[in-house]
Amino acid sequence: MEVLQYAIRKLIGGIPLVLGVTFISFLLMVYFGPDKTYELLGKNPTQEQIDEIRHELGYDKPFMVRYGEYLKEMATLDFGASDSTGEPVSKVLARTVPISLALITPGFILGNLLGILLALIAAYHRSGPIDKYIMGFSVVGMSISFLIVVIAFQIIFSSSYGLNAFPVRGWNVHSFSDYLRYITVPTLATVFVALGYNTRFYRAVLVEEMTRDHVRTAKAFGTRPGKLLYKNILKNSMIPIITRIMFSIPLVVVSGSLIIESYFGIPGIGKVTYDAITTGDQPILKAVVGLTAVLFVITLLITDILYRVVDPRVSLK
Amino acid sequence: MSSVAPEQVADQAVVDDGAAHRESIWAKAVYKLRRDRLGMIGLGVVLLYFVVAIGVWLGIWATEWGDVEGPKWAPMSAEYWFGTNIIGQDIFARAIYSTKTAFEVGLVVAVLSTIIGALLGALAGFFSGTWIDEIILWLKGVLDSIPFYLFVAAVAFALTGNPYAMHIAMVSTFWTTTGRLVRGEVIKLKNFEFVEAARAIGVPQVVIIFRHILPNTFHILLVQATIVFVAAIKSEVILSFLGLGVQDGVSWGLMIAESTQEVLAGFFNNFVWASVFLFGLVMAFNMFSDALQDALDPRKVASE
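Protein chains in written order, with the working numbering: chain A, 3 to 319; chain B, 3 to 306.
The hints are simulated quantities; they were obtained by calculation from the structure and are not laboratory data.
Don't take each hint at face value.
Unchecked claim - Pairs of lysine to any residue residues, derived as SDA-like cross-links and limited to a Cα-Cα distance of at most 20 angstroms, are as follows:
1) A:Lys134 with B:Leu40
2) A:Lys134 with B:Lys236
3) B:Lys236 with A:Lys233
4) A:Lys237 with A:Val217
5) A:Lys233 with A:Arg171
6) B:Lys236 with A:Tyr199
7) B:Lys34 with A:Ser129
8) B:Lys236 with A:Pro227
9) B:Lys236 with A:Ser86
10) A:Lys93 with A:Ile243
11) B:Lys236 with A:Lys93
12) A:Lys12 with A:Val217
13) A:Lys134 with B:Leu35
14) B:Lys236 with A:Leu253
15) A:Lys233 with A:His127
16) B:Lys236 with A:Val142
17) A:Lys12 with B:Leu141
As the list claims (entries may be wrong) - So the derived list for chain B, only partly shown, Cβ under 7 angstroms to chain A, looks like this:
18) Trp140
19) Phe150
20) Tyr151
21) Leu152
22) Asn218
23) Phe220
24) Val239
25) Val278
26) Val284
27) Met285
On a predicted model such as this, the values are computed, not experimentally measured, just so you know.
We put the CB at the ideal spot given by N, CA and C, even for glycine.
Only chain B is shown next, with the shape it has when bound in the complex (with noise of 0.2 angstroms):
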């Protein structure tokens, strides 16, 4: 690929911004992050639905959820403070259950697309320009050349009625992009002196690619993270519409492709609500996202 690498100049800033000042880039993201308005905002509501979802995982409320208990398509009232939907169910109920649903897609997919791409991210750097970087990379293009929802499709096909084949398709696609950042920062990193010490009193590979290289590469893991956790619960509302997302409890997006019934007929509330808890939590987690990026990333491109 013949792109010019934007990376090349921001390399530089790194270790500008290292000499200046002798603070680590943590504490010096922390109290950036703290002066953030809206990224502090965005944290404490996306800390809210946290807790929301702790709560329904520990069975305190909306545990009714997959209860017919009303009439179809109550209004909104002191009782169903969201109405009913197509059969009866509270919609308060449902969309507040639908929170742990959502952080649970988010952070398995998170956690575990991040560790893959660190992992072969961090192979595929230091070994870059051999048959294990060309191998990684072929990997890549292969699994970005695949239309996402086909593949998803074609991996709950393989695992016929296995609850999590949502998760393993999305995992497989989504670490790519943060291998790609992982693999660019590692190469930067290799030739430093700190690599160059090591190697030379003698440090194992592998020690040296897991204790001294990867932990430098964490403030692109941890943005990185951020990213796909919004992108996991966006793509679990489409998928969940095809058929091919949640299978066992409730989610906003099988409320959402339910309502595509319900709003032929005029009855708005389980669309309106499924729609306002998914922007809530999907813009929170932007905005912090956002200063995060911008507290951790050198180039400082996104805010100035």
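Extracted from the complex, chain A is given alone in its bound form (with noise of 0.2 angstroms):
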């Protein structure tokens, strides 16, 4: 019950900042967005010609009154249809969402754990030589960017001069094991590019745990190395990374699926975004945009909750 009335509270909290991010998204995107007036007309319009457009998109109407429409097409989940396809935008989201979830999941996953994993031994082997070469090799990591990587790995594990174990594009999964030769390549480069800044972000926050007092205090009373990493260090060290992975998730949705969609030709949501960028397909861009605020404010949520679960002394207020 408490939690459920702190939710309803966090809820109506956030909605200053879904105003303020449609807000932002309906000024730039639509209202100082392309002007579709005469792409849609013939040679040489006349003036009725050209108000009549201009009314039929309703461009004719003040600020504030198409803004409210905006905010309509929000609430009502219903955004039209799509630009240059002419599909509605609802059902384009139904179809590419799953996908882009499918695709990106195990390595989201994967660059969390091992990011932990890595984090964990570095730090039990603080200063040593197995932290250096651990935290080298993250800072190597982080100096490659993200587009390099796609397009190595692509050379390396789908292309004639490399292994050519993988398909190099698409996404035609029917079963199981289509679906991981599919996703082998794209996950191991998020994995690659997430394993830096993750294992770094995780070492820092372990190490800070490390140096508190009730940890000098265990290891004094003889507990084992393995129980204090768990029990001590990473138990105490969970409101930090579950902040960063819960943050995380809302900008992995859609910026992170944007080059591997891209890239690979996998009809999912970044790359329905990534085609409604170079097109202008403004329905689009609205839904992806405002549902992306409401992804944050309901991660925000989730992640006050969360803190709760792993730490009781956190109260919802």
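Mind assembling these two chains? They're in different frames, but the hints should get you there.
In structure tokens:
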């Protein structure tokens, strides 16, 4: 009950944020966005024809009315049809979001788990050679552009200049083994890029916890290293770890899949967004931006509830 | 937000450090930085790139970056050090010229977003809990929750044809982290005795914020600027690939974007050399940034 009350309060508190995001995206993408009047007109239009089209597109209405209409679209999840294909936006989303989730989830989980594991090893061997190797590797990983990793991995794993073992591009999934074949290279690339940042961040968090007094006390009482790492250090570092994982979710879903999907030609939400950017497909862009903002507010809420789960001292007020 | 603030632990360390040694944080930082071998190597490489960029800017070298002068896909030779690309442009000249582009993007974005982050962060921190703070926090939250590439696309739309659309979009989103860090530091600093003393003798608020408090956050600003610089260069590559990046001239990102066609045909020169140049600068800057952080951050968590 307490959690439910808290959730409702938090969701109401998120309204200004969603309003802000939709306002900025409306201002940039619709109000100052591309003018479609002349695309829909024939040659040498008369002033009346221009006015008629502008009226149909709603360009002659005042700013606040148009913004209100956009908000109504957001609230009812009715974004109209895509400009380029004519398919309803809600249908496009329903078709593409599951593909993106299937593509991104394994890499996201692996990247974080491996990051925590490497960070634990590095933190345990702090200042030793193993630590230096792991941290050196993570700085190198951080310095390589995602785009370079994607192209290089594609050459290495899927082209005739390399192993040629995986499909170069596309998404022709009919069975679980197809699925594994198509996600292997994108997943490897995602993990490779995420690992550098994740390992560094998690190591810093763990090392900070390691220098606390309670860890020294536990060590003095002869707690075994494995138990010390898990019970005294990892468990007490859960708050920053959860924060990082949760906050990267909304960005990974859109921004992360954008590069992967457009490069590997996978028809997920990222590819659709990429195409919408390049063709100026406003209904799609409006939907993606608006829904990401909502996702952000929900993520904030779940994060706060998770804090409570891992640390009962955190109060939901 | 109900997170436990690790800054509070750090605050203690700052005070202790200052009391134990009377030398300034800067003197100690320079001393530590000079002993950090990796950091100095990083700084050296960055300066080397910078000299190359200045040379391009002055028109000393790489002036022929746009000329179509050779056969297409020439191999590496004495004439074309790194070979030529799909239409016969000299890859070496283009890679060198791109150094200038990278510094342009990196410096413009790093300097502007640091200034904005410092100003808004200081205001939010000094007036924490008031409506000024609320508005700045709201703005930060809004900007943070728009997907970055979409935001750049939207700005590019709104400023049709403006070559600085990318810079503007990066500055308007990259200041938020700097702003958050400065806000936290200012909240801590404003309760110190020197601020109380300034207030007691009637120093105006504006002067207190900008003359007394903000200079004390300079170590945060410096480290953040190096981080933003790296982020800007890396984002440029992705944005150029998406067609939203550099509009005139050439950049490593544009070279990699055009190389995606060549790679399929088995010509790797453009891809490899643009990647190597980019990696070299980013890696060197990361090493320098790390050393700077270690030297200036009293917590020293990253190094020990």
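Quiz item: Can B:Met285 be said to touch chain A, with a Cβ gap under 7 angstroms?
Solution: holds (4 angstroms)
Practice problem: Double-check B:Tyr151 for me: the hint is only fine if its C-beta lies closer than 7 angstroms to a C-beta in chain A. | Solution: This hint holds: B:Tyr151 lies near chain A, its Cβ roughly 6 angstroms from the closest one there, short of 7 angstroms.
Quiz item: Within 20 angstroms, alpha carbon to alpha carbon, are A:Lys233 and A:His127?
Solution: holds (17 angstroms)
Quiz prompt | Restraint check for A:Lys134 with B:Leu35, where alpha carbons must lie at most 20 angstroms apart | solution = holds (18 angstroms)
Quiz item: Can we keep the B:Trp140 interface hint, with Cβ of chain A closer than 7 angstroms?
Solution: Given a least distance of 6 angstroms, the restraint on B:Trp140 holds.
Practice problem: Quickly compare the C-alpha distance for A:Lys134 and B:Leu40 to 20 angstroms and report which way the hint goes. | Solution: The given pair, whose Cα atoms are some 12 angstroms apart, holds under the 20 angstroms limit.
Exercise. Starting from A:Lys12, check that the Cα of B:Leu141 is at most 20 angstroms away, please.
Key: holds (18 angstroms)
Self-check item: Interface restraint verdict for B:Asn218 against chain A (beta-carbon cut-off 7 angstroms)
Solution: violated (23 angstroms)
Quiz item: Under the criterion of a CB-CB separation shorter than 7 angstroms, is B:Phe220 in contact with chain A as hinted?
Solution: With a minimum Cβ separation of about 22 angstroms from chain A (threshold 7 angstroms), the hint on B:Phe220 is violated.
Exercise. Could you grab the alpha-carbon distance between A:Lys237 and A:Val217 and see if it respects the 20 angstroms cut-off?
Key: holds (12 angstroms)
Quiz item: Does the alpha-carbon distance linking A:Lys12 and A:Val217 stay inside the 20 angstroms limit?
Solution: violated (35 angstroms)
Exercise. With a cut-off of 7 angstroms on the beta carbons, see whether B:Phe150 makes it to chain A.
Key: Nearest chain A Cβ about 6 angstroms off; hint holds.
Checked against the numbered hints listed earlier, the structure breaks hints 2, 3, 5, 8, 9, 10, 11, 12, 22, 23, 25; every other hint is satisfied.
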